[in-house]
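Visitor: The lines below spell out each chain.
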Amino acid sequence: MPHLAVNDLRAKYGALEVLKGVSFSMEKGQVVALVGPSGSGKSTVLRTLVGLTPVSGGSVTIHGDEIRYSNAASVRRARDQMAIVFQQYNLFQNMRIIDNVTVAPTKIKKRPKAEARADAERLLAMVGLADKLNAFPDQLSGGQQQRVAIARALALHPEILLLDEVTSALDPELVNEVLDTIRRLATEGMTMILVSHEMAFVREVADKVIFMDSGAVVEEGLPEQLFDAPKTDRAREFFGKILRH
Amino acid sequence: MDYNFQYGVVWDNFGALMEGAWLTFQLGVFAFAGGVLIGLLGASIKTYGPWPLRFLVDCYVVFITNTPALIQIYFLYFGLPELGVRWSNETCVLIGLVLNAGAYLTMILRAGFLSVRKTELEAGQTLGFSLVQQIRYIVVPHIAKTVYPALANFFIVVLVMGTSIGALIGVDDLTGQAINLSSINYRWLEYFSVVAVIYVVLTFVASIGLALLGRWAFRVRARIF
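Protein chains in written order, with the working numbering: chain W, 1 to 245; chain H, 1 to 225.
In isolation and in its complexed conformation, chain W is listed as follows (with noise of 0.2 Å):
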């Protein structure tokens, strides 16, 4: 049984449908990439995976249990299982690093200050923030304030974590410290989905890659077989105009 199984996933903006029937599996300790242009509704899997764009059809299922998106105890218990990373890291900004690490499990789920506190510190130093813990979020780098939102969604132990263009607001310099974090806990074998615009490092970590166009599936494979020899045109016209360069 698939750890993860996407099946016809539908969603709308409006009148606007952005998914179009999203299909894919992925297995436990995968790393899975979705690539594609822009609008092509890779970030909107993620935001419809974590209820934060309603489902308008289809299915997902978490070790064969099905997500009911319109029944909230169901939608916690998939919010449980799955953690999600901005773009734009959305720290909380009145908190201290370390609270915004700590506020979940303390509050929502109701775990022990203590324990709570050293798990984030333990976060924070795989961060490399440890010097950090007293700082505000406006007071870090962007990859700084990123590798926080890494750890505050890791403090939820949560069995899949999403990752949506989680470099794409960084200034170049400051990819590389967010793409080491990422490398690491795949390494560690973490469960993730990534959206992506950085080929080199997907073609590195991602086990399964899914080129998305128009809200669809196109094409899935191994990096190796997508980047360098796609089935079909529309993947080929994709992925000749970004890795040419």
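Take these hints with a grain of salt, some might be off.
Simulated pairs of lysine-lysine, DSS-like, Cα-Cα distance not exceeding 27 Å [claimed, not checked]:
| # | chain 1 | residue 1 | chain 2 | residue 2 |
| --- | --- | --- | --- | --- |
| 1 | H | Lys46 | W | Lys132 |
| 2 | W | Lys109 | H | Lys118 |
| 3 | H | Lys118 | W | Lys110 |
| 4 | W | Lys107 | H | Lys145 |
| 5 | H | Lys46 | H | Lys118 |
| 6 | W | Lys12 | H | Lys118 |
| 7 | W | Lys107 | H | Lys118 |
Some residues of chain H that are not near chain W, with every Cβ distance over 10 Å (derived) [claimed, not checked]:
| # | residue |
| --- | --- |
| 8 | Trp22 |
| 9 | Phe30 |
| 10 | Asn66 |
| 11 | Phe113 |
| 12 | Arg117 |
| 13 | Leu127 |
| 14 | Tyr137 |
| 15 | Ile138 |
| 16 | His142 |
| 17 | Phe154 |
Going by beta-carbon spacing under 8 Å, a handful of chain H positions derived as facing chain W [what the hints assert, rightly or not]:
| # | residue |
| --- | --- |
| 18 | Gly15 |
| 19 | Glu19 |
| 20 | Gly128 |
| 21 | Phe129 |
Quick caveat, the hints were computed from the structure, so don't treat them as lab data. The model shown is predicted, which means the values in this text are computed figures rather than measured ones. All C-beta atoms, glycine included, are put in the ideal place defined by N, C-alpha and C.
Using the hints provided, position chain H relative to the given structure of chain W.
Guide: The following block gives chain H in isolation, referenced to the frame of chain W:
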């Protein structure tokens, strides 16, 4: 100029002036606190409420902010008795100032409501926050921080300009006491120069207190001058 300043009478009655200053401070604090409650209600309705209620709040804000506070207080003091409602002059000033501040604070706080980042709320949602938890941990701290400088400024406006209106209907606040005392011996210049200094000290102390509170509670770097 051959005016002879004689501050002796002022010092003899300094205690009465300080009583007036204390009343001024109390009126300012209570008027502001009441105004914040009305402002929070008004701003919530303006942001989240249905249109008939939003329209009522708009009427209230437009009416209050476009008429002088003095006239609003005169209506309470001279108008209400015609309807059989008699409030003391202090009550009239306090209620008038609360209604007046409430309208301005509705607008100030509304700006804060609008400044909450949707993306932070989404992050909270995906971390499992309920609506109440989002308001408690994200919305309220954000509003507090954003509008704090404007609130602190407005408190000074209420404290100085608002409360002194009371003197015109016989409230013995700082200005009222100065009018009472100087009409006994016509030492207007002496009394009012001292009163001006007391007002400055009052607002200075309030400003520093508010700046420290803001820095401590909301990380706001408020300027005192």
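Visitor: Tell me if the straight-line CA distance from Lys46 of chain H to Lys132 of chain W falls inside 27 Å.
Guide: Roughly 39 Å between the alpha carbons, so the hint for Lys46 of chain H and Lys132 of chain W is violated.
Visitor: Mind verifying the non-interface call on Ile138 of chain H? Its CB should be farther than 10 Å from each CB in chain W.
Guide: 6 Å, violated
Visitor: Mind checking the alpha carbons of Lys46 of chain H and Lys118 of chain H for me, to see if they're no more than 27 Å apart?
Guide: 18 Å, holds
Visitor: For Arg117 of chain H, which was marked as not at the interface, is the minimum beta-carbon distance to chain W over 10 Å?
Guide: 8 Å, violated
Visitor: Is the shortest C-beta separation between Phe129 of chain H and chain W less than 8 Å?
Guide: It holds, given that the least Cβ distance between Phe129 of chain H and chain W is near 6 Å, below 8 Å.
Visitor: Check whether the Cα positions of Lys118 of chain H and Lys110 of chain W lie no farther apart than 27 Å.
Guide: 25 Å, holds
Visitor: Test the statement that Trp22 of chain H is away from the interface with chain W: the closest C-beta pair must be farther apart than 10 Å.
Guide: Label holds. Min Cβ-Cβ 35 Å, cutoff 10 Å.
Visitor: Was Phe113 of chain H rightly flagged as not at the interface, with every chain W Cβ beyond 10 Å?
Guide: At roughly 15 Å from the nearest Cβ of chain W, Phe113 of chain H sits farther out than 10 Å, so the non-interface label holds.
Visitor: Holds or violated: Lys107 of chain W and Lys145 of chain H, Cα atoms, limit 27 Å.
Guide: 21 Å, holds
Visitor: Against chain W, does Phe154 of chain H hold up as non-interface, every C-beta pair farther apart than 10 Å?
Guide: 22 Å, holds
Visitor: Holds or violated: Gly15 of chain H as interface residue toward chain W, Cβ cutoff 8 Å?
Guide: With a minimum Cβ separation of about 45 Å from chain W (threshold 8 Å), the hint on Gly15 of chain H is violated.
Visitor: Looking at Tyr137 of chain H again, its CB stays over 10 Å from all of chain W?
Guide: 6 Å, violated
Consistency with the previously given hints fails for numbers 1, 12, 13, 14, 15, 16, 18, 19, ordered from lowest to highest.
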